[in-house]
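Colleague: Once you've looked at the hints, dock chain B against the given chain A.
Protein chains: 2
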Amino acid sequence: MHVQVISSVNEACSANFHHKTAIVIDVLRATSTIVTALAAGAASIVPAETVMDAKSLQWPEDLLGGERFCRKIAGFDLGNSPKEYSENTVRGRRIIVTTTNGTRAIHKSTKADHVIAASLLNGEAAAKYALELRRDVVLLCAGSHDEFAIEDGLCAGLLIEELIKQHHDTVEVDDFGQAMHALYRDRSPWILRTLLQSQSGKRLVKLGLKEDVEDCAHMNTLDAVPFLLGERLILR
Amino acid sequence: MHVQVISSVNEACSANFHHKTAIVIDVLRATSTIVTALAAGAASIVPAETVMDAKSLQWPEDLLGGERFCRKIAGFDLGNSPKEYSENTVRGRRIIVTTTNGTRAIHKSTKADHVIAASLLNGEAAAKYALELRRDVVLLCAGSHDEFAIEDGLCAGLLIEELIKQHHDTVEVDDFGQAMHALYRDRSPWILRTLLQSQSGKRLVKLGLKEDVEDCAHMNTLDAVPFLLGERLILR
Chain A
42 MHVQVISSVN EACSANFHHK TAIVIDVLRA TSTIVTALAA GAASIVPAET
92 VMDAKSLQWP EDLLGGERFC RKIAGFDLGN SPKEYSENTV RGRRIIVTTT
142 NGTRAIHKST KADHVIAASL LNGEAAAKYA LELRRDVVLL CAGSHDEFAI
192 EDGLCAGLLI EELIKQHHDT VEVDDFGQAM HALYRDRSPW ILRTLLQSQS
242 GKRLVKLGLK EDVEDCAHMN TLDAVPFLLG ERLILR
Chain B
42 MHVQVISSVN EACSANFHHK TAIVIDVLRA TSTIVTALAA GAASIVPAET
92 VMDAKSLQWP EDLLGGERFC RKIAGFDLGN SPKEYSENTV RGRRIIVTTT
142 NGTRAIHKST KADHVIAASL LNGEAAAKYA LELRRDVVLL CAGSHDEFAI
192 EDGLCAGLLI EELIKQHHDT VEVDDFGQAM HALYRDRSPW ILRTLLQSQS
242 GKRLVKLGLK EDVEDCAHMN TLDAVPFLLG ERLILR
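Taken in order, these protein sequences are the chains called A and B.
If you're matching positions, the first sequence starts at 42 in this note's numbering and goes up one per residue.
If you're matching positions, the second sequence starts at 42 in this note's numbering and goes up one per residue.
Worth flagging that the hints you see were computed from the coordinates, not collected in a lab.
Mixed in with the good hints there might be a few duds.
[As the list claims (entries may be wrong)] In silico DSS-like pairs for lysine-lysine, Cα to Cα no more than 25 Å straight-line: (1) K206(A) - K243(B); (2) K113(A) - K124(A); (3) K206(A) - K169(A); (4) K124(B) - K96(B); (5) K124(B) - K247(B); (6) K243(B) - K243(A).
Just chain A, with the same shape it has in the complex (with noise of 0.2 Å):
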């Protein structure tokens, strides 16, 4: 099995992703808030790159929920924020979810033949799943304003690592993958640290939103795993 790591969605191009498995990475917050909502009960999330097209996607049952510069959008129910989609919120519900970078690094991967999204939350489970599929993997770090992010780059380390210890013949690993192994394994025993002290963690943390990175920096918590069918992310 070949791992490739793509470290920010603007070097994601749809050649990286022919017959393979594609991993959408946004620790802070997307794919951590969509894993959450999806674990809580939430009926399916759909991606939708535009404020615009969220809107224009909603039913009348459905929930709009996501971000601009970290914050709620104007009209939206929800934020980005994982702690808002809670059981009683979000239970049996369709949510259409726009966030700055991760719902856009999820469309960039929709040429994959399946896209999974995970954060640190389900590294595990995902990894898991992605063995199941038997396909060669590439992990799409989405980043943040076009930039590497490092707790993207962290929980593509994680991935490597559960791929590595679950995997029973080789796993190889691109450079780019071997360099965030080698982050994982020197940054796990400090992952709230580490998150806190990255460009995005601070900028949360200015905004009042420091308990959205202790949420978020939760390692293997969670087993659900959220797949794209279609338009929009289900549970396995």
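Modeller: Below, chain B alone, put in the same frame as chain A:
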């Protein structure tokens, strides 16, 4: 002091370099070879972007060096192996060098206030010199085939380690730099192994150039710091 790391020459644009010190890194092999050549007494190194440029820059006493597809260029005096640039061969000579990634990276960074060349061989000395220049620093990893190369990231991590160690005030490192610093901390006990497992390292071993990889894997063995003065690299 702010430190930014660029993952490959493809990612660099002029705006990255304004008012900064650029440190260009191509561990396998251009900057390792350039450092070795100047430490062995070469008068200067002139980086050329193309084979034609190199030939047109040559004066009668000059040597021509470099590679295409990791091989010595037809009609050139020297390839891109550090061991070819011995004192006997290079003392007092101006050498025109063209390589696939390293010399391109030097040309890309000429908008910087200062440009210096670093490798694992002279990491500590290069960091010390960068601190004397009192500018924010951008580390440009040359990469290979327009992609990130782990050996360059490892060297960026070594430079960050040295900058933090030697600087008395705060060194602010961007997310990618923090990841490279973690990579260095994780891999520093196994530098040669990491280079041999890298894509570039494997390519060189296949071509019978394992000794080059070994020669480039020594850390902080040279005090030579090449810096760009006009069109040529000379020792500080």
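Colleague: Please go over all the hints and tell whether each is borne out by the structure.
Modeller: How the hints compare with the structure:
no., hint, in the structure
1, K206(A) - K243(B), "holds (24 Å)"
2, K113(A) - K124(A), "holds (13 Å)"
3, K206(A) - K169(A), "holds (10 Å)"
4, K124(B) - K96(B), "holds (22 Å)"
5, K124(B) - K247(B), "holds (18 Å)"
6, K243(B) - K243(A), "violated (39 Å)"
In the structure shown, a violation is registered for the earlier hint numbered 6 alone.
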